[in-house]
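Protein chains in written order, with the numbering used here: chain C, 1 to 330; chain Y, 1 to 330; chain P, 1 to 330; chain R, 1 to 330.
Source of the hints: derived by calculation from the structure; they are not laboratory data. Be aware that a few hints might be false.
[Said to hold, decoys possible] Derived DSS-like pairs (lysine-lysine); straight-line CA-CA distance at most 27 Å:
hint : chain 1 : residue 1 : chain 2 : residue 2
1    : C       : 323       : R       : 246
2    : R       : 47        : C       : 323
3    : Y       : 47        : Y       : 323
4    : P       : 129       : R       : 129
5    : P       : 151       : P       : 246
6    : Y       : 246       : Y       : 27
7    : Y       : 65        : Y       : 47
8    : P       : 144       : P       : 47
9    : Y       : 47        : C       : 129
10   : R       : 129       : R       : 151
11   : R       : 246       : R       : 94
12   : R       : 323       : P       : 31
13   : P       : 129       : C       : 136
14   : R       : 94        : C       : 151
15   : C       : 144       : R       : 158
16   : P       : 129       : Y       : 323
[What the hints assert, rightly or not] Which residues of chain P face chain R? A few of them, derived with a C-beta cut under 10 Å, are:
hint : residue
17   : 129
18   : 179
19   : 195
20   : 246
21   : 249
22   : 268
23   : 290
[As the list claims (entries may be wrong)] Reference listing, derived: stretches of chain Y covered by chain C, where coverage requires no fewer than 3 residues with Cβ under 8 Å from a Cβ of chain C:
hint : segment
24   : 42 to 49
25   : 169 to 179
26   : 238 to 248
Glycine residues also receive a C-beta, built at the ideal position from the N, C-alpha and C atoms.
4 protein chains.
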Amino acid sequence: MWKKSALKDKIVKLEDISHTHHYVTEKTQGKYHYVYGPYPTPVLSIKSGDTVTCETHDAFEGQIKTESDVPSEILNFPYLNPQNGPIFVESAEKGDTLCVEILKISPRGEQPRGTTLIMPQFGGLVSTKETASLQKDLPERVRKLIVTEEKGTIWSDKITIPYEPFIGSIGVSPEIEAVSALQPDYWGGNMDLPDVRPGNIIYFPVNAPGALLYLGDCHATQGDGELSGVALEHPTHTTVRVHLVKDWKISGPRIESENFIMSVGSARPLEDATRMAYRDLIEWMATDFGFDRIDAYMLLSQCGRVRLGNMVDPKYTVAASIKKSYLFGE
Amino acid sequence: MWKKSALKDKIVKLEDISHTHHYVTEKTQGKYHYVYGPYPTPVLSIKSGDTVTCETHDAFEGQIKTESDVPSEILNFPYLNPQNGPIFVESAEKGDTLCVEILKISPRGEQPRGTTLIMPQFGGLVSTKETASLQKDLPERVRKLIVTEEKGTIWSDKITIPYEPFIGSIGVSPEIEAVSALQPDYWGGNMDLPDVRPGNIIYFPVNAPGALLYLGDCHATQGDGELSGVALEHPTHTTVRVHLVKDWKISGPRIESENFIMSVGSARPLEDATRMAYRDLIEWMATDFGFDRIDAYMLLSQCGRVRLGNMVDPKYTVAASIKKSYLFGE
Amino acid sequence: MWKKSALKDKIVKLEDISHTHHYVTEKTQGKYHYVYGPYPTPVLSIKSGDTVTCETHDAFEGQIKTESDVPSEILNFPYLNPQNGPIFVESAEKGDTLCVEILKISPRGEQPRGTTLIMPQFGGLVSTKETASLQKDLPERVRKLIVTEEKGTIWSDKITIPYEPFIGSIGVSPEIEAVSALQPDYWGGNMDLPDVRPGNIIYFPVNAPGALLYLGDCHATQGDGELSGVALEHPTHTTVRVHLVKDWKISGPRIESENFIMSVGSARPLEDATRMAYRDLIEWMATDFGFDRIDAYMLLSQCGRVRLGNMVDPKYTVAASIKKSYLFGE
Amino acid sequence: MWKKSALKDKIVKLEDISHTHHYVTEKTQGKYHYVYGPYPTPVLSIKSGDTVTCETHDAFEGQIKTESDVPSEILNFPYLNPQNGPIFVESAEKGDTLCVEILKISPRGEQPRGTTLIMPQFGGLVSTKETASLQKDLPERVRKLIVTEEKGTIWSDKITIPYEPFIGSIGVSPEIEAVSALQPDYWGGNMDLPDVRPGNIIYFPVNAPGALLYLGDCHATQGDGELSGVALEHPTHTTVRVHLVKDWKISGPRIESENFIMSVGSARPLEDATRMAYRDLIEWMATDFGFDRIDAYMLLSQCGRVRLGNMVDPKYTVAASIKKSYLFGE
């Protein structure tokens with residue numbers, strides 16, 4: 001993909017790949033899933049190298065149709081954030097790494113296909129189930145917005161937001177747990193990281209046989225932290241290519257873009273998510289790029305970068321990154 | 001049970017109860033469980049009012065046998081904290097409350113039957129997966145200790161700790177999730193609250209048909225916070241009586257002792273667990289005891305009590321309580 | 001004071017003490033102080049062993065006079081939590097420890113002398129300056145309450161709260177900082193710990209010449225966490241005896257009661273305050289009582305106790321304790 | 001400065017300005033300061049519009065001279081992070097805003113003039129005073145590095161880091177507190193935000209007569225979070241222009257660059273710093289740009305940006321920002 005990739009000598013293993021293309025439509029998906037886990041029957045079985053296009057729903061499964069809808073009357077926890085999948089990857093076993101290239105995201109469905117909203121006890125600047133208060137909730141509010149690839153989203157007379165799509169929730173199954181698609185963790189899930197966008201690769205540790213890839217919850221764009229708890233949610237056609245890297249054991253999601261490598265941490269409080277991300281980045285620099293760990297620690301103090309995914313989910317998500325030029329030389 | 005109980009007029013519903021006693025032995029349990037979820041077949045089906053005695057394993061399923069064992073070589077995440085159950089309670093449905101009276105806990109098994117230990121990346125005064133650091137782990141250490149009901153535990157020549165047993169992990173199934181028995185949450189789980197002891201009642205919101213009660217992880221005693229991450233773990237005979245209260249909807253675990261009512265919160269950071277617990281306690285005081293919410297808030301600022309369960313699990317657990325004498329009058 | 005004290009062989013240094021008694025009245029105090037710092041002129045100079053009685057104001061300096069007062073119109077940050085002092089202790093130098101025995105607290109002033117209230121952006125179950133939200137503040141509310149030593153406080157027809165007074169804010173000066181009396185830290189300050197009560201001793205590290213003791217903010221009682229941000233505030237006569245222990249260097253406040261020793265931590269988030277308290281307790285057990293640190297860590301996991309002071313101040317305060325019987329034998 | 005500025009109609013007040021240039025050399029500074037507070041005599045008095053060039057020390061006051069120095073033996077808390085100032089700004093009073101244009105930062109002093117290091121109990125991936133652990137500290141390590149404007153910093157054979165200087169610590173005095181220069185807060189201080197760089201403006205609320213500007217601790221570059229606790233510290237000539245905006249009351253630091261406005265929050269845990277920053281940004285958008293607060297909240301969920309300053313100081317610092325094009329139209 002790139003001349004210089006974190007995959008390095010692992011790349012040779014990617015050469016002998018299959019190139020079948022699969023579709024997971026609303027119809028072939030049937031029931032969407034609200035947990036990441038090993039219990040459902042896979043919707044599809046693929047080989048390393050295959051590509052898949054999924055018809056994703058928005059995070060509300062299309063139930064919010066007009067600006068006069070009242071979210072708390074319509075939405076029904078835990079039946080939120082519907083996911084496509086699980087997709088079984090042949091030969092994937094615990095101890096391997098799944099490598100997902102994000103190829104393309106296009107909006108689908110009738111206009112106005114974009115949705116954002118305020119609902120009670122959810123969001124970054126309101127009290128929640130955990131950050132409990134006695135104050136009255138904000139009034140609920142729904143925005144239904146026209147989203148196109150070419151023109152982005154018209155927010156108001158003055159404000160147009162470009163189309164910068166990414167996958168909000170993507171990951172593999174835990175080994176024996178089945179966890180809400182609202183939560184991010186070491187298997188991926190609801191990370192809400194804008195770097196999970198076309199052109200980038202994301203890596204996951206395989207925990208269960210077949211890896212069991214889930215994805216959904218695509219955003220037309222999103223600010224750092226996903227402040228109100230809801231991005232510009234929209235249904236899409238999302239296409240990924242999936243590679244299996246045998247015998248590469250990682251402990252959580254990692255992302256690679258043309259110019260950066262990134263480690264992802266999900267935890268509360270937010271400093272713990274950041275610590276996790278940075279520690280894994282140091283581990284990566286040491287294991288694959290020959291750095292002394294303390295030197296990497298001191299170097300990242302000078303040139304590390306942090307991206308806040310969300311600070312609204314059951315765990316908050318942060319990516320810590322370093323430029324590839326510091327790893328490979330210019 | 002007590003003259004003055006939070007159950008109040010709900011108590012009449014407890015009168016027409018069954019009194020069958022059931023046993024769940026190691027043999028009838030067969031495979032123990034490592035997640036709280038709706039997916040396994042129940043080990044037992046009971047009626048409201050029945051009692052059950054379980055043969056619980058210790059948190060390490062008896063695998064730590066001597067002080068020269070090395071925990072990190074023997075223990076295998078996520079196969080930790082084995083639970084008895086699930087026990088199906090007839091007629092229990094989402095929206096009901098399960099009420100579990102803890103009747104008796106007795107140690108079982110060969111001496112030294114008590115175990116506590118230090119393992120890497122786990123505990124309250126070490127770096128962990130989340131509170132990541134680059135420092136070297138503490139050396140692992142195992143203590144195997146004689147535990148008896150009468151004499152407690154002899155820690156050293158000078159120190160004897162009384163036997164104050166409680167159930168470390170107990171709860172019901174989430175609706176569609178299946179979550180590690182290491183984690184506490186609104187369904188109960190690994191709360192590590194010493195108030196879950198013989199003589200007290202614990203209430204859980206029913207989320208799935210049959211409630212699906214799990215329990216295990218009994219502690220011979222424990223300090224506030226379970227500082228090193230491990231209490232005095234031991235296998236037991238644990239006996240509980242289970243009541244179903246129809247149409248009483250609660251949002252998380254609550255505990256009642258002879259003199260206190262308590263609400264339980266599990267979250268990170270620890271202030272959020274405390275906020276959750278106190279907010280639910282105010283809700284309880286308002287709904288069942290006629291308090292104005294703001295008056296209850298101001299009153300708890302004068303006489304609320306907080307018990308720290310653990311600050312080492314994936315979520316930390318806190319109980320907030322108020323004396324019943326403030327609710328019922330002396 | 002007690003047969004078995006943490007002071008142990010340090011106790012001999014307390015024998016050759018002075019016994020002069022001093023008064024700091026409203027009049028001799030003159031201007032009260034709103035920061036703990038080395039910059040003001042001492043109100044009094046004493047010798048080790050002297051006793052002092054202070055006329056303390058309540059936390060609002062008596063400005064809240066009726067239940068129809070509106071706190072946000074009357075109170076003026078940073079001029080809150082008025083402190084008596086500073087009291088200069090002869091010979092005290094950085095590296096010493098100041099030992100303050102709390103002898104007596106009596107309410108003073110006209111009835112209703114007790115005050116508690118709700119003010120905007122302050123408290124444990126509301127959004128604050130830090131835990132910012134967009135929700136509307138709770139309505140302000142003031143309670144003015146009769147407080148007596150004998151009968152405590154009549155909260156309502158049904159509820160009477162006993163008089164359990166303690167010093168909410170007490171400490172010494174930082175070396176060069178001057179920090180709001182609303183904040184607790186390693187020098188003491190606004191810890192809001194009910195264990196700072198008559199019969200107990202509190203220890204502080206001396207940071208500045210003369211130690212510069214401040215105190216104020218006495219509470220007629222308080223719940224764990226000081227939930228609404230305000231306890232039962234009242235003006236008092238507070239009497240303490242002050243000892244200087246030369247060459248005993250501690251890193252933060254410690255408390256001793258008849259049956260427990262306690263270390264105090266103040267930080268955010270709350271788990272950090274708890275970590276600080278427990279680490280210092282282990283340090284104390286190792287240095288003064290001969291424990292191996294890892295053994296102390298594992299022992300506290302079985303029998304440590306945690307008391308939450310407040311979770312509403314700029315830093316939250318926790319005390320971690322162990323029974324003296326585990327240190328000295330029964 | 002820019003055609004479109006947050007100062008808008010406030011800009012007219014900047015026209016009638018003085019243009020005197022002042023120098024604060026090591027010699028005229030004399031004693032540097034380790035707290036931000038109102039107690040020292042100002043080193044200089046200036047008029048609104050004046051420029052000042054300061055000879056700043058590095059954060060260690062030049063005491064770390066070679067790579068074999070042992071930081072914990074040389075550095076002496078609280079005498080760290082030396083600040084120039086305080087600079088008295090004529091007519092500045094509580095309720096005004098101080099506006100500081102950063103004009104230029106140049107390295108000064110003998111090579112190797114750059115310093116970074118690891119010291120015990122300090123940093124983002126080690127245990128600290130607050131995030132206490134029992135693990136052994138990392139070994140101390142010092143890097144002394146050549147820093148030039150043209151070539152940046154040569155970290156190793158392969159790695160060169162460009163010179164991207166900014167002011168690590170800058171702010172005004174609190175009203176009556178005097179707080180360690182290691183801490184950031186609503187008055188500014190040790191924010192470690194790379195956006196405080198030449199070409200940008202930073203705004204502070206005036207709390208004390210004359211505002212009392214302090215600055216120091218310039219970094220040759222820094223990664224997000226200042227991971228090891230220490231950036232590339234170096235002594236500089238730093239030049240700023242200071243404006244006073246009368247009767248503009250803000251509650252914490254704000255920054256303006258050519259294309260963004262940013263609000264700064266400092267708190268623990270890190271989510272609270274982020275909440276503070278975003279709430280103030282919404283307040284700014286509402287007050288000065290006519291946004292409805294809930295609309296601003298929802299819009300920032302789509303296009304807000306977050307920059308992590310440090311997650312190692314006594315409070316962590318975050319800046320939340322929005323593009324000016326969303327405020328002014330393109």
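Evaluation of the provided hints:
1. Pair hint residue 323 of chain C plus residue 246 of chain R does not hold up; C-alpha atoms about 44 Å apart against a cutoff of 27 Å.
2. Restraint check: the Cα-Cα separation between residue 47 of chain R and residue 323 of chain C comes to about 44 Å, which exceeds 27 Å; the hinted pair is violated.
3. Using a Cα cut-off of 27 Å, the hinted pair residue 47 of chain Y and residue 323 of chain Y is violated, with the two alpha carbons roughly 32 Å apart.
4. Between residue 129 of chain P and residue 129 of chain R the CA atoms are separated by roughly 24 Å; this keeps the pair inside 27 Å, and the hint holds.
5. Distance check on the hinted pair: residue 151 of chain P and residue 246 of chain P sit about 42 Å apart at the alpha-carbon level, beyond 27 Å; violated.
6. In summary, the hint linking residue 246 of chain Y to residue 27 of chain Y is not supported, as the alpha carbons are separated by about 32 Å, beyond the 27 Å threshold.
7. As the CA atoms of residue 65 of chain Y and residue 47 of chain Y are separated by approximately 38 Å, the hinted pair breaks the 27 Å bound.
8. At most 27 Å may separate the alpha-carbon atoms for a hinted pair to count; residue 144 of chain P and residue 47 of chain P exceed this at roughly 39 Å.
9. The hinted pair formed by residue 47 of chain Y and residue 129 of chain C fails the criterion: a straight-line CA distance of about 32 Å is larger than 27 Å.
10. About 37 Å separates the Cα atoms of residue 129 of chain R and residue 151 of chain R, which puts this hinted pair outside 27 Å; it is violated.
11. Restraint check: the Cα-Cα separation between residue 246 of chain R and residue 94 of chain R comes to about 9 Å, which is no more than 27 Å; the hinted pair holds.
12. Among the hinted pairs, residue 323 of chain R with residue 31 of chain P is inconsistent with the structure: their alpha-carbon atoms are about 49 Å apart, more than 27 Å.
13. At roughly 17 Å between alpha-carbon atoms, residue 129 of chain P and residue 136 of chain C fall within 27 Å of each other, so this suggested pair holds.
14. As the CA atoms of residue 94 of chain R and residue 151 of chain C are separated by approximately 47 Å, the hinted pair breaks the 27 Å bound.
15. For the proposed pair residue 144 of chain C and residue 158 of chain R, the alpha carbon gap of about 51 Å is over 27 Å, so the pair is violated.
16. Our distance criterion of 27 Å between C-alpha atoms is broken by residue 129 of chain P and residue 323 of chain Y, whose separation comes to about 32 Å.
17. About 7 Å separates the beta-carbon of residue 129 of chain P from the nearest beta-carbon of chain R, less than 10 Å, and the hint is met.
18. With its C-beta approaching chain R no nearer than about 6 Å, residue 179 of chain P sits inside the 10 Å limit, and its interface hint holds.
19. Given the 10 Å rule on beta carbons, the hint for residue 195 of chain P is violated: about 20 Å separates it from the nearest Cβ of chain R.
20. For residue 246 of chain P, the shortest C-beta to C-beta distance to chain R is roughly 22 Å, which exceeds 10 Å, and the interface hint is violated.
21. Because the closest C-beta pair between residue 249 of chain P and chain R is about 14 Å apart, greater than 10 Å, the hint is violated.
22. Below 10 Å, beta-carbon pairs count as interface contacts, and residue 268 of chain P has one with chain R at about 4 Å; its hint therefore holds.
23. Interface hint status for residue 290 of chain P: violated, as the beta-carbon distance to the closest one in chain R is roughly 17 Å, over 10 Å.
24. For the segment 42 to 49 of chain Y, the assignment as covered by chain C is violated, since 0 residues bring a beta-carbon within under 8 Å of that chain's beta-carbons and 3 are needed.
25. With a threshold of 8 Å between beta carbons, the proposed coverage of the segment 169 to 179 of chain Y by chain C holds, since 6 of its residues qualify and at least three are required.
26. For the segment 238 to 248 of chain Y, the assignment as covered by chain C is violated, since 0 residues bring a beta-carbon within under 8 Å of that chain's beta-carbons and 3 are needed.
The structure fails to meet hints 1, 2, 3, 5, 6, 7, 8, 9, 10, 12, 14, 15, 16, 19, 20, 21, 23, 24, 26 from the earlier list, while all remaining hints are met.
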